[in-house]
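Asker: So the chains spell out like this:
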Amino acid sequence: MIPLEHVIGLSAILFAIGVVGVLVRRNVIVVLMSIELMLNAVNLAFVGFNRAWPGSEGAPSLDGQVFVLMVIAVAAAEVAVGLGIVISMFRNRDSVDLEEASLLRW
Amino acid sequence: MSFAAILFYLFGALAVLFALSMLLNVHNTVAGALSLVVTMVSLAAIYVLLEAHFVAAIQIMVYAGAIVVLFLFVVMLLNLRDDDFAPGRQRLVRVAGALVGVFALAQFLRWLAPGLPELPAVPAGFGGHRAVGIALYTDYVLLVELIALLLLAAIVGALVLAKRKLDS
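So the protein sequences, as listed, match chains A and B. Residue 86 in my numbering sits at position 86 of the first sequence, with consecutive numbering throughout. My numbering runs 106 ahead of the 1-based position in the second sequence.
Okay, chain B solo, but in the shape it has when bound (with noise of 0.2 Å):
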């Protein structure tokens, strides 16, 4: 097995470690959050050993650096307590949920197992930043200015819901 494949089931446990942390941790919403941090860095070093090397930057630049932040904001934000949800779903429903979701992987996993190809050797500046720049402003420049339309009417509208009424 070569250190890239070590390297790749390392950060591959550790991401799926964290994100059963997160999902199992119903005390304190803090560390759901932290755990989702190490599972983002986790997949942005996986990223780097697939070659994608400018987006894992960016994975860590906005998964770990803002959108986890925002969810952290928030969560101090409100002040939420252990005993909030203290008395849990019906039982019926967490059951039928963990089933469903271990049915759907099953299936997937045992469809998955052949024919699959080999990862081939990558051409030069595969992944990096003047490649992956070059792609987006000539195939996909239309996607890019439609991408900035979509960020500005999210601000608008995270504005909007957040702010507290004016005239009270």
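Just chain A, with the same shape it has in the complex (with noise of 0.2 Å):
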């Protein structure tokens, strides 16, 4: 039996590296697969919850499993929204670098 705890526990844990790559890193591409860490550290505990509540025998309670589904739709819309950023930030002053990044103009 796996314990609900350490489920939440690991999540927090990848979370939290999510969090110091999107703040520490300077590479534009790291910084968005560190976003895309988070949401998964957040399905595995939407995961977890739902396993903990899973509705009664020909009733099966799913809202946990949907709401991942949806949080997967909603971080490849945004990769490919970010990534389609990158490319134009790169193209217009050759480099990924977010220092660099910091006009909201050009």
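Computed, partial: chain A to chain B, Cβ under 10 Å:
1. Val7
2. Ala12
3. Ile17
4. Gly18
5. Phe46
6. Gly84
Ranges of calculated distance between the beta carbons of each label pair, as one might list FRET restraints:
7. Trp53/A to Val250/B: 18 to 28 Å
8. Ser102/A to Leu248/B: 36 to 46 Å
9. Asp94/A to Asn134/B: 15 to 25 Å
10. Leu198/B to Ala101/A: 15 to 25 Å
These are calculated hints, taken from the structure and not from any lab test. Given the structure is predicted, the values throughout are model-derived calculations rather than measurements. Idealized CB from N, CA, C, for every residue including glycine.
Please assemble the complex out of the two chains, which come individually in their own frames, going by the hints.
Answerer: Okay, structure coming up:
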């Protein structure tokens, strides 16, 4: 039997790694990957809590897993737009360094 | 300790290890993306252990199969070199970022310790494609339509952002 505390603890550890990645790294692509890691940590918490309250026989309650699917779809959309922005940023300033992207124009 | 619990700790350790490797690998973005794949697959294995089989399959297909491949394409398209990021961000920012993460994590784990229920037995068909499909297309059908709209908008947005200017 897997303890639910450890599932949520693992989710918290992964989320913290993602937060540190966003705050510390300068490469825009790595920052986007860290955001993906945070979304995955939240998904793990959703799946864990859904496993803890699975509904009754004949009427399973799957709200958490449906939310995970929605988060995955939103993550895919976010990556597509985010990487589009990265490409146009690279075209305009020949770099993906966040320190150089401090102006709102050009 | 049951076999499922051993597998859970194994894949959990794998996920954390490769997430850290993505975070700490400052020289090679491609290796970082591949580390992310290992983390995603480990999480999919944990989803199976938590009886979320359909979500696990979608996790592998969408994350490991599509999103990380997109990352790899962009990394290779931009042809980044190691020395692009050579002089580090100010030390203060790094230390502060790491401290914020560790502090938030410690607080959360301390708060978490007691009070969560044991995992109960699951009803038949829980987490399979049939049950999830029924939930998606009855209770959550509006959400599915909205996600379809969002994905369409994202495709158009990505095309507009990433295409070259036609008149230049």
